[in-house]
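> So you can see what is in the structure, the chains are spelled out below.
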Amino acid sequence: MQLNGKYEFNGTQQQVWDLFTNPDSLAKAMPGCQELKETEPGKYDALMKIGIAAVKGTYTGKFEIGDPDPPNRYQLIGEGSGSPGFVKGVTDIELTASNDKTIVTYQGEVQVGGLIAGVGQRMISGIAKMMLGQFFKKMKKELKASGPAGS
Amino acid sequence: MKPAAFEYIAPKTVEEVIDLLAAHEDEAKILAGGQSLMPIMNFRLGRPGMLIDINGLAGLDYIKQQDDYLLIGGLTRERTVEQSSLVQDLCPLLSKAITFVGHTAIRNRGTIGGSLVHADPSGEIPTVFCALNGLVKAVGPEGERWIDPEEFFLTFLTTSLEPTELLVEVKLPILPAGAGWSFMELSRRAGDFAIIGVATVLFMNDDGTCREARIALGGVAPTPFRAEEAEEALAGQMLDEQLIAKAGELAGEAADAEDDYHASAEYRQEMARVMVIRSLGEALARTGKGN
Amino acid sequence: MAQRQRIRLKVNGVSYEREVEPRKLLVDFLREDLELLGTHVGCEHGVCGACTIMLNGKSVRSCLMLAVQADGAELTTIEGLADGAKLHPVQEAFRDNHGLQCGYCTPGMLITSLEFLRENPDPTRDEAKKAISGVLCRCTGYKQVTDSVMAAAEAMKKE
Numbered sequence: 001m002q003l004n005g006k007y008e009f010n011g012t013q014q015q016v017w018d019l020f021t022n023p024d025s026l027a028k029a030m031p032g033c034q035e036l037k038e039t040e041p042g043k044y045d046a047l048m049k050i051g052i053a054a055v056k057g058t059y060t061g062k063f064e065i066g067d068p069d070p071p072n073r074y075q076l077i078g079e080g081s082g083s084p085g086f087v088k089g090v091t092d093i094e095l096t097a098s099n100d101k102t103i104v105t106y107q108g109e110v111q112v113g114g115l116i117a118g119v120g121q122r123m124i125s126g127i128a129k130m131m132l133g134q135f136f137k138k139m140k141k142e143l144k145a146s147g148p149a150g151s
Numbered sequence: 001m002k003p004a005a006f007e008y009i010a011p012k013t014v015e016e017v018i019d020l021l022a023a024h025e026d027e028a029k030i031l032a033g034g035q036s037l038m039p040i041m042n043f044r045l046g047r048p049g050m051l052i053d054i055n056g057l058a059g060l061d062y063i064k065q066q067d068d069y070l071l072i073g074g075l076t077r078e079r080t081v082e083q084s085s086l087v088q089d090l091c092p093l094l095s096k097a098i099t100f101v102g103h104t105a106i107r108n109r110g111t112i113g114g115s116l117v118h119a120d121p122s123g124e125i126p127t128v129f130c131a132l133n134g135l136v137k138a139v140g141p142e143g144e145r146w147i148d149p150e151e152f153f154l155t156f157l158t159t160s161l162e163p164t165e166l167l168v169e170v171k172l173p174i175l176p177a178g179a180g181w182s183f184m185e186l187s188r189r190a191g192d193f194a195i196i197g198v199a200t201v202l203f204m205n206d207d208g209t210c211r212e213a214r215i216a217l218g219g220v221a222p223t224p225f226r227a228e229e230a231e232e233a234l235a236g237q238m239l240d241e242q243l244i245a246k247a248g249e250l251a252g253e254a255a256d257a258e259d260d261y262h263a264s265a266e267y268r269q270e271m272a273r274v275m276v277i278r279s280l281g282e283a284l285a286r287t288g289k290g291n
Numbered sequence: 001m002a003q004r005q006r007i008r009l010k011v012n013g014v015s016y017e018r019e020v021e022p023r024k025l026l027v028d029f030l031r032e033d034l035e036l037l038g039t040h041v042g043c044e045h046g047v048c049g050a051c052t053i054m055l056n057g058k059s060v061r062s063c064l065m066l067a068v069q070a071d072g073a074e075l076t077t078i079e080g081l082a083d084g085a086k087l088h089p090v091q092e093a094f095r096d097n098h099g100l101q102c103g104y105c106t107p108g109m110l111i112t113s114l115e116f117l118r119e120n121p122d123p124t125r126d127e128a129k130k131a132i133s134g135v136l137c138r139c140t141g142y143k144q145v146t147d148s149v150m151a152a153a154e155a156m157k158k159e
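Chains as they are written, first to last, in the numbering used here: chain A, 1 to 151; chain B, 1 to 291; chain C, 1 to 159.
The hints are simulated quantities; they were obtained by calculation from the structure and are not laboratory data.
Owing to the predicted nature of the structure, the values given are computational and were not obtained by experimental measurement.
Think of the CB as a built atom: it goes at the ideal place given N, C-alpha and C, for glycine as much as any other residue.
Check before you lean on any hint, since a few could be wrong.
Calculated lysine-lysine pairs in the DSS-like style (CA-CA distance at most 25 Å, straight line) [said to hold, decoys possible]:
hint	chain 1	residue 1	chain 2	residue 2
1	A	LYS140	A	LYS43
2	B	LYS96	C	LYS130
3	A	LYS49	B	LYS2
Some chain A residues close to chain B (C-beta under 8 Å, calculated; not the full set) [stated by the list, open to error]:
hint	residue
4	PRO84
5	ILE116
6	MET123
7	MET130
Bound-form chain A, shown alone (with noise of 0.2 Å):
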């Protein structure tokens, strides 16, 4: 499936882009993220427990930072399994400053495969959006909370 969207987001390019290649960051916005671990530069290894009601897994992942263009773009490589099902998606996110805001523009294309795939094919698409809309208000958070300090 096609995921697109922007966020405005209050701070400089600089800041942002630090924000979003920041492992820290990144767990604590990602749904159900218990652990991030770099695993080599720009590569992580994450542990996710993702679910909605009684529908509930956990997810082995690997995430990779690809490309990056600081502070411009980079390429987000990612995949994920556990018994579920599968997640597979390569997303570009793009930072263009806006007076003094930044807007993180993505694009990105998903696959999500095994069973949650054929038994929860209705709800995919929405779910993924909400988990996107919770991950891009979380990263909103992380950035007030970093404070006018950002480099």
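On the provided structure of chain A, position chains B and C as indicated by the hints.
Positioned in the frame of chain A, the structure of chains B and C alone reads:
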């Protein structure tokens, strides 16, 4: 596949259920009709550590009238509601809608409370609950409270019921004489999940204008919801073809659907428009004040 | 593994007492513990209907019930329709009207039809089609199944 192992307990009283939920809230799940929970468990999409089987609770299976309301116990089987002449008389909208819930075997076990708590965005019972602006009664360690549809449905499969609460009753307003109603569903086969579900209610003035309209949509958003702009367009007006078409358009625009295997977002949006127009027409005809 | 529970139930008029794990599905209990193989496992999520049986006189998906939930209940499975060697009119109608080919959905079709005809002994063809719409058949294309239901209605009226 088969369910993962779990602890099973079948309490006899609501108090026991609440105590169990409070003690095991992270891992316990209520088993009512099981028509939604068992598929999830059979596929291991969910593995609650404990199942609290409430089918043995007495006193939660009833249908009765209380003044201007129809009260239905949370554990009442959908089939019982379907075959009830009291519901047929006092809430024909629910009687009609419930015939679209799966098939007879499903309705023989599924419960009205379970359907609401499961909160499938395309669920017929949740959609009707929104249209009628009913209430559900939840019982928890703090006591009982009533919840209306707007507060109840949060998102996909998620309600504002606390993990320590049990839904025990559904309270539905009885429509006054002269009110029109309609339930329609679009699905590929009989008994399938709705691609679009529409429940409409029209309250009319003596002069033939519409006093209030209710348009509830299922299957086009993370929860069933009321298309408020479309409803406002009809309030106080004489309902002619043009105005109904306008309401249909507004309802379609309110849809917040995604593409999926069954239908594209555009198709759902367009079908929402079409179904709302048809449903309003049917509801209007039932008021006896149609032109 | 959770504690096994003792259940007592009647199936096709015969009383049984067994110990089961709570997570054992009723359909698997019937097939594995009672060796009543007539009820079939299809989709395991309630949509195909092959597992349909009667519980206390009402059709249910036995793949969506736990065996422990059938404690104290009276069940009818496909094995309970015939009276010794004498087939039930519904079974005869399906036989005579080619209402089955591979037979996988047939237990579900028969139980569903039986419940339907008990409640609606004089159905229209459309009503019969709607009644069987909850059981999926990959072989017949449903026409012969509908013919069988209509024929069964006729036969049962004569009884």
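> Hint by hint, which ones does this structure get wrong, listed from lowest number up?
Failing hints: none at all.
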